[in-house]
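With these hints in hand, go ahead and build the complete structure from the sequences.
If you read the protein sequences in the order shown, they are chains Y and L. Heads up, the first sequence stops at 290 in numbering that gives the first Met the number 0, and the numbers go up one at a time, no gaps. Heads up, the second sequence stops at 101 in numbering that gives the first Met the number 0, and the numbers go up one at a time, no gaps.
Simulated from the structure, these hints should not be mistaken for laboratory data. Watch out, some of these pointers could steer you wrong.
As the list claims (entries may be wrong) - Derived pair list, reagent style DSSO-like, types lysine-lysine, alpha-carbon separation capped at 27 Å:
id, chain 1, residue 1, chain 2, residue 2
1, L, K89, L, K4
2, L, K97, L, K4
3, Y, K267, Y, K27
4, Y, K231, Y, K167
5, Y, K267, L, K89
6, Y, K110, Y, K167
7, L, K6, L, K89
8, L, K43, L, K89
9, Y, K167, Y, K256
10, L, K97, L, K43
11, Y, K84, L, K89
12, L, K4, Y, K231
13, Y, K84, L, K81
14, Y, K267, Y, K84
15, L, K43, L, K4
16, L, K6, Y, K231
17, Y, K27, Y, K84
18, Y, K231, Y, K267
19, L, K81, Y, K267
20, L, K97, L, K81
21, L, K81, Y, K27
22, Y, K267, L, K97
23, Y, K95, Y, K84
24, L, K6, L, K97
As the list claims (entries may be wrong) - If we take Cβ atoms under 10 Å as the criterion, some of the chain L residues that face chain Y in the derived model are:
id, residue
25, F5
26, V15
27, G67
Stated by the list, open to error - To give an idea of the interface, some chain L residues facing chain Y are shown, with a C-beta separation under 8 Å as derived from the structure:
id, residue
28, D13
29, V85
30, V87
Remember, it's a predicted structure, so these values are computed and weren't measured experimentally. Virtual Cβ for every residue (Gly too), placed ideally from N, Cα, C.
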Amino acid sequence: MAEIVYAAGAPHAPGLIGLLEAAPADVKDVVINTYRSLADAMASARADVLIVFANDHLANSRVRTYPDFLIGMAAEHRGPYEWFKPWIGCEDYTVKGSPEVAAALFDGMTKRGIRMFAQTENLKFDDNISVPVLLTNVAGSGIPMVPVLQNCTVPPIPDQRRCYEVGKALGDFIRDDLPADMRVALLGSGGLSHEPGGARYYFIDEEFDRWFLELVASGDHEKLLNELTLEKMEAAGSGGTAELLAWVVVLGAIGSKPGRSFGYTVHKDFKCGVGGVLWDMSPNMPKLRAA
Amino acid sequence: MGLEKFKASLATHDLVQDLKWSPELREEFAANEAAVLDRYPLRKDERHAIETRNFLALYDLGLHPYLGGQFARLIFGNEAGKGATVAVNKLVESLQGKGSVA
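Spelled out as structure tokens, the structure:
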């Protein structure tokens, strides 16, 4: 059976690239340390493929025809999409895709009763994929990527329990459907608290963020599923914080495992709390899933 | 103000998506906004809210806040730390009670 050798969650705020240089030194330290640690761990994991779950941000589909999950099947993923370039302020990148794993994922999730959609054309990437790809050096590492853009903001939103179920099916797919010797990396891209487009655009809920980081690092998934409700995430930043559901998908796939974070920081110009978590995927760790 | 007023069928959603996805439409919107708006089935109050840059009114009509933020950047600027900051501040000013920020 294929093996999940890397699992992490990390924010993707556009300011982490475009506004990083102007940020205070202590803020920069946390950002650089977090993404360097995640990048080093990804390189050490020697993964054959990276599957990234991230908020689509209404980048690819109209509200009237909005998918809950959209798989990128392209042979190459190029970004960022034209309109987002000045907003993110990053370089163009090309990441190798894995049409085979993407197709297997689409089939595997369909077989398990999870409705996903899949597109062979290059998806439109904004900060959702662009920021982690550049800050964790996915583009430079040569690791093939399968992006899955999910609905974290268009009601009705698949909630934490549904996303955890999707994650469970993802874990089963990886272990049972992918080639036996394949090494898989998972990244949940999004968060922490923020309210893009809202009246509280500059609001960052530091108390929520610290609670969330501690909770996901603890491995207590029963508590996670009981308490990380859409209502709680909306209160911590409407229309933005709920993209932490991408982390929940990853947690459903790996089951209960401890994780470690690399610090937490807030910076008004980022308009988003910043902190990442790397979960312990060493083979001798027991895997426990919430019911 | 969150998603509680969101109305999925609001025509402005399509306008914002099309502007994001088409540089040509953005050029036309900048040069002749009325001609672009004519092509969308906007309600009268919805069109007036767009014309007067009244994001508060648009949100009351059901505009999704994420697309509202992008609409502000399409109008006021999209560059990190520059136009995008102006756009955020204009949007917040409107949503916190000013209404029109034309």
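What's the verdict on K267 (chain Y) and K97 (chain L), does the C-alpha distance respect the 27 Å limit or exceed it? Satisfied, since the Cα-Cα distance of roughly 22 Å is no more than 27 Å.
Is K81 (chain L) within 27 Å of K267 (chain Y), Cα to Cα? Cα-Cα ~15 Å, so holds.
Quick check on F5 (chain L) please, does its C-beta sit within 10 Å of some C-beta on chain Y? holds, 6 Å
Hey, K167 (chain Y) versus K256 (chain Y), does the alpha-carbon distance stay inside 27 Å? The hint holds at about 14 Å.
Report holds or violated for the interface hint on V85 (chain L), using the least CB-CB distance to chain Y and a cut-off of 8 Å. violated, 13 Å
Going straight from one Cα to the other, do K43 (chain L) and K89 (chain L) come out at no more than 27 Å? holds, 23 Å
Hint check: 8 Å Cβ-Cβ cutoff, V87 (chain L) to chain Y: holds, 5 Å
So, as I understand it, the hint says V15 (chain L) touches chain Y; can you test that by seeing if any CB pair is closer than 10 Å? holds, 8 Å
Holds or violated: K4 (chain L) with K231 (chain Y), Cα cutoff 27 Å? Within the cut-off at roughly 18 Å; holds.
Holds or violated: K84 (chain Y) and K89 (chain L), Cα atoms, limit 27 Å. holds, 21 Å
Within 27 Å, alpha carbon to alpha carbon, are K267 (chain Y) and K89 (chain L)? This hinted pair holds, its Cα atoms lying about 16 Å apart.
Decide if the proposed pair is consistent with the structure: K43 (chain L) and K4 (chain L), CA atoms, cutoff 27 Å inclusive. holds, 18 Å
Of the numbered hints stated above, the single one contradicted by the structure is hint 29.
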